[in-house]
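A.B. asks: So the chains spell out like this:
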Amino acid sequence: GIQVEQSPPDLILQEGANSTLRCNFSDSVNNLQWFHQNPWGQLINLFYIPSGTKQNGRLSATTVATERYSLLYISSSQTTDSGVYFCAVNFNKFYFGSGTKLNVKP
Amino acid sequence: EAGVTQFPSHSVIEKGQTVTLRCDPISGHDNLYWYRRVMGKEIKFLLHFVKESKQDESGMPNNRFLAERTGGTYSTLKVQPAELEDSGVYFCASSPIDTYGYTFGSGTRLTVV
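Chains as they are written, first to last, in the working numbering: chain Y, 1 to 106; chain P, 1 to 113.
These are computed hints drawn from the structure, not numbers from a lab. Note that the structure is a prediction, hence the values are computed from the model and not measured. We put the CB at the ideal spot given by N, CA and C, even for glycine. Keep in mind that the hints are not guaranteed to be accurate.
Said to hold, decoys possible - Pair ranges (Cβ atoms, derived):
hint, chain 1, residue 1, chain 2, residue 2, range
1, P, 17, Y, 69, 20 to 30 Å
2, P, 84, Y, 17, 20 to 30 Å
3, P, 58, Y, 16, 43 to 53 Å
4, Y, 17, P, 58, 34 to 44 Å
5, Y, 58, P, 62, 35 to 45 Å
Claimed, not checked - Under 8 Å between C-beta atoms, here's a sample of chain P residues computed to sit facing chain Y:
hint, residue
6, 45
7, 56
8, 87
9, 91
10, 98
11, 102
12, 103
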């Protein structure tokens, strides 16, 4: 199957700091999405981004499909950003990375 | 439009009991998927329905798990009998037939004690 690797596995930030999360994938895919799993376990879709760059408030994402990676940028982090961020690529079904666990401290 | 709805949101059962999880996809979405995250590991695919037919059930862990999708609408995932290692969060997702953008439900947190 398709391999999806996320880095870093864990990240601790002070509130207000910026961060970049990375997702590498092994094959060409139809779709890539970034999700945030909040402390209650809910999986929130952040971006549907098979290629290019998108921005939504303090979050933005870039996917370079030809080089098989995607980046998620979080600027001016807040404590509510804490949780696990998953990258998932779709090739008939979703393949998830193991996630980046983010802890934003006040 | 309403999103993907899953219930219950949380279920605590004893080992050996039966639990049924339900997913209501977005109306008109023919694709319906079940995924789960157990023991803090990555989220893994369980199975895929297209309408009422099972398209891919390669991720189902064993025969204690049974998924159905009545009339191509809502889906149920039954675990019988539940084991401790089944604890985790079970997610459902749906999409229209010709797109790759999926909407996930909020998940059902299953705890087997």
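A.B. asks: All hints are to be evaluated individually against the structure, with a verdict given for each.
C.D. replies: Going down the list of hints, with the structure as the test:
1. P:17 <-> Y:69: 20 to 30 Å: violated, 44 Å
2. P:84 <-> Y:17: 20 to 30 Å: With a Cβ separation near 39 Å, residue 84 (chain P) and residue 17 (chain Y) fall outside 20 to 30 Å, so the hint is violated.
3. P:58 <-> Y:16: 43 to 53 Å: Distance hint for residue 58 (chain P), residue 16 (chain Y) holds at roughly 45 Å.
4. Y:17 <-> P:58: 34 to 44 Å: With a Cβ separation near 41 Å, residue 17 (chain Y) and residue 58 (chain P) satisfy 34 to 44 Å, so the hint holds.
5. Y:58 <-> P:62: 35 to 45 Å: Holds: the Cβ-Cβ distance is about 43 Å, inside 35 to 45 Å.
6. 45: Holds. Min distance 5 Å.
7. 56: holds, 6 Å
8. 87: violated, 12 Å
9. 91: holds, 6 Å
10. 98: Violated, because the Cβ-Cβ distance from residue 98 (chain P) to chain Y comes to roughly 11 Å (cut-off 8 Å).
11. 102: holds, 7 Å
12. 103: holds, 7 Å
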